[in-house]
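There are 4 protein chains.
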Amino acid sequence: MASKSFYAVVAGVGSGTGRSVALRFAQSYPVVLLARKPESYSDIASEINKQGGQAFGITADTSDPQSVTAAFEAIKKKLPDKKLAAAIYNVGAGFAIKPFLEVNVSDLDASLNSNVRGLFNFAQSTLPLLLSSATTHTPVYPPTLIITGATASIRGSARFGTFAAGKFAVRGLGQSLAREFGPQGVHVAHVIIDGVIDTPRTKAWEVNGGVEGGKLDPDAIAESYWHLHTQPRSSFTQELDLRPYVEKF
Amino acid sequence: MASKSFYAVVAGVGSGTGRSVALRFAQSYPVVLLARKPESYSDIASEINKQGGQAFGITADTSDPQSVTAAFEAIKKKLPDKKLAAAIYNVGAGFAIKPFLEVNVSDLDASLNSNVRGLFNFAQSTLPLLLSSATTHTPVYPPTLIITGATASIRGSARFGTFAAGKFAVRGLGQSLAREFGPQGVHVAHVIIDGVIDTPRTKAWEVNGGVEGGKLDPDAIAESYWHLHTQPRSSFTQELDLRPYVEKF
Amino acid sequence: MASKSFYAVVAGVGSGTGRSVALRFAQSYPVVLLARKPESYSDIASEINKQGGQAFGITADTSDPQSVTAAFEAIKKKLPDKKLAAAIYNVGAGFAIKPFLEVNVSDLDASLNSNVRGLFNFAQSTLPLLLSSATTHTPVYPPTLIITGATASIRGSARFGTFAAGKFAVRGLGQSLAREFGPQGVHVAHVIIDGVIDTPRTKAWEVNGGVEGGKLDPDAIAESYWHLHTQPRSSFTQELDLRPYVEKF
Amino acid sequence: MASKSFYAVVAGVGSGTGRSVALRFAQSYPVVLLARKPESYSDIASEINKQGGQAFGITADTSDPQSVTAAFEAIKKKLPDKKLAAAIYNVGAGFAIKPFLEVNVSDLDASLNSNVRGLFNFAQSTLPLLLSSATTHTPVYPPTLIITGATASIRGSARFGTFAAGKFAVRGLGQSLAREFGPQGVHVAHVIIDGVIDTPRTKAWEVNGGVEGGKLDPDAIAESYWHLHTQPRSSFTQELDLRPYVEKF
Chain A
10 MASKSFYAVV
20 AGVGSGTGRS
30 VALRFAQSYP
40 VVLLARKPES
50 YSDIASEINK
60 QGGQAFGITA
70 DTSDPQSVTA
80 AFEAIKKKLP
90 DKKLAAAIYN
100 VGAGFAIKPF
110 LEVNVSDLDA
120 SLNSNVRGLF
130 NFAQSTLPLL
140 LSSATTHTPV
150 YPPTLIITGA
160 TASIRGSARF
170 GTFAAGKFAV
180 RGLGQSLARE
190 FGPQGVHVAH
200 VIIDGVIDTP
210 RTKAWEVNGG
220 VEGGKLDPDA
230 IAESYWHLHT
240 QPRSSFTQEL
250 DLRPYVEKF
Chain B
10 MASKSFYAVV
20 AGVGSGTGRS
30 VALRFAQSYP
40 VVLLARKPES
50 YSDIASEINK
60 QGGQAFGITA
70 DTSDPQSVTA
80 AFEAIKKKLP
90 DKKLAAAIYN
100 VGAGFAIKPF
110 LEVNVSDLDA
120 SLNSNVRGLF
130 NFAQSTLPLL
140 LSSATTHTPV
150 YPPTLIITGA
160 TASIRGSARF
170 GTFAAGKFAV
180 RGLGQSLARE
190 FGPQGVHVAH
200 VIIDGVIDTP
210 RTKAWEVNGG
220 VEGGKLDPDA
230 IAESYWHLHT
240 QPRSSFTQEL
250 DLRPYVEKF
Chain C
10 MASKSFYAVV
20 AGVGSGTGRS
30 VALRFAQSYP
40 VVLLARKPES
50 YSDIASEINK
60 QGGQAFGITA
70 DTSDPQSVTA
80 AFEAIKKKLP
90 DKKLAAAIYN
100 VGAGFAIKPF
110 LEVNVSDLDA
120 SLNSNVRGLF
130 NFAQSTLPLL
140 LSSATTHTPV
150 YPPTLIITGA
160 TASIRGSARF
170 GTFAAGKFAV
180 RGLGQSLARE
190 FGPQGVHVAH
200 VIIDGVIDTP
210 RTKAWEVNGG
220 VEGGKLDPDA
230 IAESYWHLHT
240 QPRSSFTQEL
250 DLRPYVEKF
Chain D
10 MASKSFYAVV
20 AGVGSGTGRS
30 VALRFAQSYP
40 VVLLARKPES
50 YSDIASEINK
60 QGGQAFGITA
70 DTSDPQSVTA
80 AFEAIKKKLP
90 DKKLAAAIYN
100 VGAGFAIKPF
110 LEVNVSDLDA
120 SLNSNVRGLF
130 NFAQSTLPLL
140 LSSATTHTPV
150 YPPTLIITGA
160 TASIRGSARF
170 GTFAAGKFAV
180 RGLGQSLARE
190 FGPQGVHVAH
200 VIIDGVIDTP
210 RTKAWEVNGG
220 VEGGKLDPDA
230 IAESYWHLHT
240 QPRSSFTQEL
250 DLRPYVEKF
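Chains as they are written, first to last, in this note's numbering: chain A, 10 to 258; chain B, 10 to 258; chain C, 10 to 258; chain D, 10 to 258.
Quick caveat, the hints were computed from the structure, so don't treat them as lab data.
Treat the hints loosely; a few may be bogus.
Said to hold, decoys possible - Each computed BS3-like pair below joins lysine-lysine, with the alpha-carbon atoms no more than 30 Å apart:
{"#": "1", "chain 1": "D", "residue 1": "46", "chain 2": "D", "residue 2": "91"}
{"#": "2", "chain 1": "C", "residue 1": "257", "chain 2": "A", "residue 2": "107"}
{"#": "3", "chain 1": "B", "residue 1": "86", "chain 2": "B", "residue 2": "46"}
{"#": "4", "chain 1": "B", "residue 1": "59", "chain 2": "B", "residue 2": "87"}
{"#": "5", "chain 1": "B", "residue 1": "257", "chain 2": "D", "residue 2": "107"}
{"#": "6", "chain 1": "D", "residue 1": "86", "chain 2": "D", "residue 2": "46"}
{"#": "7", "chain 1": "A", "residue 1": "257", "chain 2": "C", "residue 2": "257"}
{"#": "8", "chain 1": "C", "residue 1": "46", "chain 2": "C", "residue 2": "212"}
{"#": "9", "chain 1": "C", "residue 1": "59", "chain 2": "C", "residue 2": "92"}
{"#": "10", "chain 1": "B", "residue 1": "107", "chain 2": "C", "residue 2": "85"}
{"#": "11", "chain 1": "B", "residue 1": "59", "chain 2": "B", "residue 2": "85"}
{"#": "12", "chain 1": "C", "residue 1": "107", "chain 2": "B", "residue 2": "85"}
{"#": "13", "chain 1": "D", "residue 1": "107", "chain 2": "A", "residue 2": "92"}
{"#": "14", "chain 1": "A", "residue 1": "92", "chain 2": "B", "residue 2": "257"}
{"#": "15", "chain 1": "B", "residue 1": "87", "chain 2": "B", "residue 2": "46"}
{"#": "16", "chain 1": "B", "residue 1": "212", "chain 2": "B", "residue 2": "107"}
{"#": "17", "chain 1": "A", "residue 1": "257", "chain 2": "B", "residue 2": "92"}
{"#": "18", "chain 1": "C", "residue 1": "107", "chain 2": "A", "residue 2": "257"}
{"#": "19", "chain 1": "D", "residue 1": "107", "chain 2": "D", "residue 2": "257"}
{"#": "20", "chain 1": "D", "residue 1": "107", "chain 2": "A", "residue 2": "85"}
{"#": "21", "chain 1": "B", "residue 1": "257", "chain 2": "D", "residue 2": "257"}
{"#": "22", "chain 1": "D", "residue 1": "257", "chain 2": "B", "residue 2": "107"}
{"#": "23", "chain 1": "D", "residue 1": "92", "chain 2": "A", "residue 2": "107"}
{"#": "24", "chain 1": "D", "residue 1": "85", "chain 2": "A", "residue 2": "107"}
{"#": "25", "chain 1": "D", "residue 1": "92", "chain 2": "C", "residue 2": "257"}
{"#": "26", "chain 1": "A", "residue 1": "59", "chain 2": "A", "residue 2": "87"}
As the list claims (entries may be wrong) - Cβ-Cβ distance ranges computed for the label pairs, FRET-style:
{"#": "27", "chain 1": "A", "residue 1": "166", "chain 2": "D", "residue 2": "149", "range": "23 to 33 Å"}
{"#": "28", "chain 1": "A", "residue 1": "68", "chain 2": "D", "residue 2": "90", "range": "49 to 59 Å"}
{"#": "29", "chain 1": "C", "residue 1": "107", "chain 2": "B", "residue 2": "115", "range": "24 to 34 Å"}
{"#": "30", "chain 1": "B", "residue 1": "115", "chain 2": "D", "residue 2": "210", "range": "43 to 53 Å"}
{"#": "31", "chain 1": "A", "residue 1": "209", "chain 2": "C", "residue 2": "214", "range": "43 to 53 Å"}
{"#": "32", "chain 1": "B", "residue 1": "115", "chain 2": "C", "residue 2": "141", "range": "20 to 30 Å"}
{"#": "33", "chain 1": "C", "residue 1": "213", "chain 2": "B", "residue 2": "14", "range": "48 to 58 Å"}
{"#": "34", "chain 1": "D", "residue 1": "215", "chain 2": "C", "residue 2": "59", "range": "45 to 55 Å"}
{"#": "35", "chain 1": "C", "residue 1": "213", "chain 2": "A", "residue 2": "166", "range": "29 to 39 Å"}
{"#": "36", "chain 1": "D", "residue 1": "166", "chain 2": "A", "residue 2": "59", "range": "42 to 52 Å"}
{"#": "37", "chain 1": "D", "residue 1": "212", "chain 2": "C", "residue 2": "141", "range": "27 to 37 Å"}
{"#": "38", "chain 1": "B", "residue 1": "79", "chain 2": "C", "residue 2": "59", "range": "57 to 67 Å"}
{"#": "39", "chain 1": "D", "residue 1": "144", "chain 2": "C", "residue 2": "213", "range": "24 to 34 Å"}
{"#": "40", "chain 1": "A", "residue 1": "110", "chain 2": "C", "residue 2": "221", "range": "19 to 29 Å"}
All C-beta atoms, glycine included, are put in the ideal place defined by N, C-alpha and C.
Just need the whole structure built from these sequences, with the hints factored in.
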């Protein structure tokens with residue numbers, strides 16, 4: 010099976026989308042989990058390994074170029090013979106909803122760092138590997154970089170300025186990467202998650218009247234990420250949105 | 010199996026997307042094929058029936074309200090106990106690329122009729138059925154209306170005015186339907202097909218330098234339509250694009 | 010003064026944008042007013058003529074090609090020596106806000122006719138004249154076609170399906186015309202009017218909490234149309250939005 | 010004349026848009042010019058003062074919060090009795106067109122700093138002043154913040170990734186500011202300049218076949234900025250595009 014020769018890497022795992030994506034991709038690939046703190050990835054790695062998959066975590070801060078470089082050196086040592094099939098960028102803190110005159114430049118920097126600087130560093134490390142997979146190997150599916158976006162990727166709402174700055178920037182960079190690397194066989198896709206994700210952290214939130222399905226099921230998000238990965242190069246999606254059926258948009 | 014109680018209908022079958030979508034959905038549902046001429050659907054119906062699926066065609070002109078009403082009355086007679094799981098609107102002629110001062114109002118009408126008037130009629134007939142499936146039955150997947158769009162759905166290029174008029178209109182109507190029927194449990198999605206589809210008709214066309222994968226494989230398009238259909242209501246996609254990896258955009 | 014040799018035509022005059030645009034352009038040009046009923050234009054023509062401008066009305070239904078052709082033949086007889094400087098398409102009825110299953114195809118047709126078919130006919134008659142002005146004469150400002158859009162031009166809201174269909178179509182056609190005729194020196198611009206216009210008909214409407222400036226002042230809209238007309242060809246705007254400062258968007 | 014009580018500030022003056030905007034607004038207001046180097050503003054200030062206007066420059070790096078704060082303290086000392094009528098953010102270096110794997114994180118930072126961090130700092134200093142003008146004084150026109158964008162504000166082209174990141178971010182932040190401060194009476198507008206501006210630096214560039222009007226005349230850009238400033242609050246434009254008539258888009 011081709012998947013034995015390939016692996017996936019997910020940056021930004023925790024209790025929501027990142028965890029579900031890791032579990033979904035682990036059905037086909039060994040999965041490397043990146044997070045700033047071991048407690049964000051250790052349970053997920055255990056869960057995957059227990060289910061017969063293969064996973065390990067690396068502590069890394071994607072906003073720091075050195076940290077990302079070090080992470081990929083560590084991956085190379087751990088998986089010397091494997092090629093990268095899929096890279097998912099799911100980092101994105103810096104979510105401050107405040108009147109503009111109450112935020113300060115460090116809020117902006119937090120958003121830019123975790124969103125666009127992080128994607129930049131992650132893409133610098135993963136795209137050479139994805140290109141190599143595309144050109145010199147025979148992956149089952151085209152090598153893929155998937156980027157998690159949000160409502161704020163396409164809409165700058167009042168009091169979301171610093172978050173929108175980071176998310177718009179990610180979308181712009183992602184589009185540029187899609188246009189540069191698509192013709193080289195690497196699929197770059199951007200997913201606009203428009204709603205609240207159903208995670209332990211949001212369990213108590215009353216969203217969309219509390220109806221079932223009113224929050225995004227992260228496993229469903231992961232299924233769409235997997236679908237993106239399986240698209241053949243004759244039919245790439247660059248962008249799709251995902252939202253609960255009752256979400257206003 | 011739930012699919013025994015449900016069926017799918019595809020309007021606009023021929024040699025490309027419509028055929029592939031019909032074949033894909035026929036793996037799970039009986040499929041009804043609508044086209045203006047029997048020669049457009051008869052081979053596809055035979056192919057599906059030979060493969061152990063179930064399909065039949067009905068001659069209908071979606072731009073004509075009476076014709077669409079009659080088609081769904083005929084479906085009801087043929088499949089009295091089945092509920093509608095998925096409706097795909099894939100009609101869209103009226104593709105005249107001409108300097109604006111050389112087109113005439115009949116070119117515009119041809120585009121509006123096959124694109125937006127047809128969708129209107131098809132949606133008037135299918136949405137009550139999809140709503141009924143959503144609320145009183147237990148479909149495996151949320152009932153779905155999928156609409157085929159094109160580059161001209163989001164871009165009015167020079168000399169594509171009448172085609173863009175029809176395609177923009179379809180997108181506007183589709184968005185409106187998504188916002189009205191999504192909260193009622195019916196998934197309405199719009200797919201922007203941005204490139205030339207690989208069909209017998211386009212076989213000889215030199216597209217994107219003639220590279221493999223330079224045209225959209227209709228089977229790959231169909232796979233994305235199927236993915237849309239399978240999305241649970243906590244995670245609906247309203248719009249996605251599909252294009253060959255080498256396509257400029 | 011160059012304006013003595015040129016005229017402007019406004020399709021769709023009544024009590025709002027059309028009237029204000031006519032008055033504004035009448036400061037520089039003789040203005041021809043098109044409307045389906047004389048009562049829509051007669052007062053405006055009188056008002057302009059009383060103020061020392063020059064204006065007359067022609068009864069025409071822009072959705073009917075023959076009617077539009079006849080109108081421009083009548084204009085030619087009335088203004089045999091004048092060239093067209095600016096054409097404004099401000100027609101757009103078909104505004105039915107209803108649940109989709111309560112509208113019927115005649116609602117759709119009403120929207121398509123007054124919006125996109127009307128623009129098509131108007132553009133077929135005016136673009137040859139605007140091109141002629143651009144290439145063989147020396148207008149003060151580049152010959153201009155300005156099209157009135159609405160919120161529904163870029164957003165298909167629930168229960169606005171037929172209206173959105175017409176408005177999206179207009180936007181698609183307008184973009185296409187801009188891309189084809191811009192390089193030939195004709196400026197085609199689309200204006201998204203996002204809010205309620207302050208007219209006698211809307212006087213009693215409580216909009217945006219009833220605050221002053223909560224509805225669009227049609228004279229302010231007209232000022233932006235005039236600005237578009239005065240843009241030199243090195244710096245054309247294709248699209249702008251206009252909304253009250255308190256409007257949610 | 011009300012303008013005696015008000016002033017305008019332009020960040021990012023040099024030989025193109027910033028200079029023309031300063032000259033245009035100087036017809037009505039004293040103008041403060043911000044640039045990182047005195048040679049960028051000194052000639053413009055002289056030119057305005059010679060023509061009977063009033064202008065002075067302040068050396069400031071908008072990407073540095075302290076530098077911006079200091080600049081506005083200096084303005085307050087120089088113009089203690091004047092209120093801010095208009096603030097224009099026209100900074101935006103970081104324009105590196107390179108294959109993604111040849112750029113590094115300092116290219117990204119340069120783009121983010123000059124584009125979105127600079128706008129953030131500038132907006133933090135100017136919005137309180139604009140708000141004060143809107144609420145406690147009677148400006149002739151609604152107080153205005155105008156932001157210069159580019160093609161890369163809405164399109165991430167191949168090899169433009171770092172520039173697009175900065176420009177998308179600016180657009181997202183600008184939208185957010187428009188939605189927060191519009192209802193408070195401050196007009197925030199974003200201008201997409203889609204083409205090459207005709208400046209001494211670009212004089213030799215062969216653009217659009219070298220035709221006259223193939224580059225954007227910065228004086229024409231300035232005229233549109235002025236139009237935005239004069240819009241009454243019943244009719245604000247949030248975004249418009251500007252491009253040469255022959256520009257492909």
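Hint by hint, here is what the structure shows:
Proximity of residue 46/D to residue 91/D is assessed by CA-CA distance (about 25 Å); at most 30 Å being required, the pair is judged to hold. As the CA atoms of residue 257/C and residue 107/A are separated by approximately 18 Å, the hinted pair is consistent with the 30 Å bound. With a C-alpha separation of about 21 Å, the suggested pair residue 86/B and residue 46/B falls inside the 30 Å cut-off, and the hint holds. This hinted pair checks out: residue 59/B and residue 87/B have alpha carbons roughly 19 Å apart, not beyond 30 Å.
Straight-line distance between C-alpha atoms of residue 257/B and residue 107/D comes to about 18 Å, which keeps the hinted pair within the 30 Å bound. Straight-line distance between C-alpha atoms of residue 86/D and residue 46/D comes to about 21 Å, which keeps the hinted pair within the 30 Å bound. Restraint check for residue 257/A and residue 257/C: satisfied, since their Cα atoms lie roughly 14 Å apart, inside the 30 Å limit. Restraint check for residue 46/C and residue 212/C: satisfied, since their Cα atoms lie roughly 22 Å apart, inside the 30 Å limit.
Distance hint between residue 59/C and residue 92/C is fulfilled; the C-alpha atoms sit about 23 Å from each other, no more than 30 Å. Of the supplied pair hints, the one linking residue 107/B and residue 85/C holds, its CA atoms being roughly 27 Å apart against a limit of 30 Å. Only pairs whose Cα atoms come within 30 Å are accepted, and residue 59/B paired with residue 85/B is accepted, the gap being roughly 23 Å. The straight-line distance between the Cα atoms of residue 107/C and residue 85/B is roughly 27 Å, inside the 30 Å bound, and the hint therefore holds.
Our distance criterion of 30 Å between C-alpha atoms is met by residue 107/D and residue 92/A, whose separation comes to about 26 Å. Of the pairs offered as hints, the one joining residue 92/A and residue 257/B holds, with about 28 Å between alpha carbons and a cut-off of 30 Å not exceeded. The hinted pair formed by residue 87/B and residue 46/B meets the criterion: a straight-line CA distance of about 19 Å does not exceed 30 Å. Distance hint between residue 212/B and residue 107/B is fulfilled; the C-alpha atoms sit about 23 Å from each other, no more than 30 Å.
For the hint pairing residue 257/A with residue 92/B, the CA-to-CA distance comes to about 28 Å; that is within 30 Å, so the pair holds. Restraint check for residue 107/C and residue 257/A: the C-alpha separation of about 18 Å stays at or below 30 Å, so the hint holds. With a CA separation close to 22 Å, the supplied pair residue 107/D and residue 257/D stays within the 30 Å bound. For the given pair, residue 107/D sits about 27 Å from residue 85/A by alpha-carbon distance, which is consistent with the 30 Å threshold.
Annotation: proposed proximity of residue 257/B to residue 257/D holds, straight-line Cα distance about 14 Å (limit 30 Å). With a C-alpha separation of about 18 Å, the suggested pair residue 257/D and residue 107/B falls inside the 30 Å cut-off, and the hint holds. Under the criterion of a C-alpha separation no larger than 30 Å, the hint pairing residue 92/D with residue 107/A is consistent with the structure, at around 26 Å. Using a Cα cut-off of 30 Å, the hinted pair residue 85/D and residue 107/A holds, with the two alpha carbons roughly 27 Å apart.
Between residue 92/D and residue 257/C, the direct Cα distance comes to roughly 28 Å. Compliance with the 30 Å bound is thereby established for this hinted pair. Of the supplied pair hints, the one linking residue 59/A and residue 87/A holds, its CA atoms being roughly 19 Å apart against a limit of 30 Å. Taken as a hint, the range 23 to 33 Å holds for the pair residue 166/A and residue 149/D, whose Cβ atoms sit roughly 31 Å apart. Between residue 68/A and residue 90/D the beta carbon distance is about 57 Å. The supplied range of 49 to 59 Å therefore holds.
Between residue 107/C and residue 115/B the beta carbon distance is about 30 Å. The supplied range of 24 to 34 Å therefore holds. Between residue 115/B and residue 210/D the beta carbons are some 51 Å apart, a value that agrees with the proposed interval 43 to 53 Å. Checked against the hint of 43 to 53 Å, the pair residue 209/A and residue 214/C passes, with Cβ atoms roughly 47 Å apart. Taking 20 to 30 Å as the suggested C-beta distance range, the pair residue 115/B and residue 141/C conforms, at roughly 25 Å.
With their beta carbons about 53 Å apart, residue 213/C and residue 14/B fall inside the hinted range of 48 to 58 Å. For residue 215/D paired with residue 59/C, a C-beta distance near 53 Å keeps the hint of 45 to 55 Å intact. For residue 213/C and residue 166/A, the hinted distance range of 29 to 39 Å is satisfied, since their beta carbons lie about 31 Å from each other. At about 45 Å, the beta-carbon gap between residue 166/D and residue 59/A stays in the expected band of 42 to 52 Å.
Between residue 212/D and residue 141/C the beta carbons are some 33 Å apart, a value that agrees with the proposed interval 27 to 37 Å. Separation of residue 79/B from residue 59/C is about 59 Å and conforms to the stated range, judged on CB atoms against 57 to 67 Å. The given range of 24 to 34 Å is respected by residue 144/D and residue 213/C, whose C-beta atoms sit roughly 29 Å from each other. The given range of 19 to 29 Å is respected by residue 110/A and residue 221/C, whose C-beta atoms sit roughly 25 Å from each other.
The structure is consistent with each of the numbered hints, conforming to all of them.
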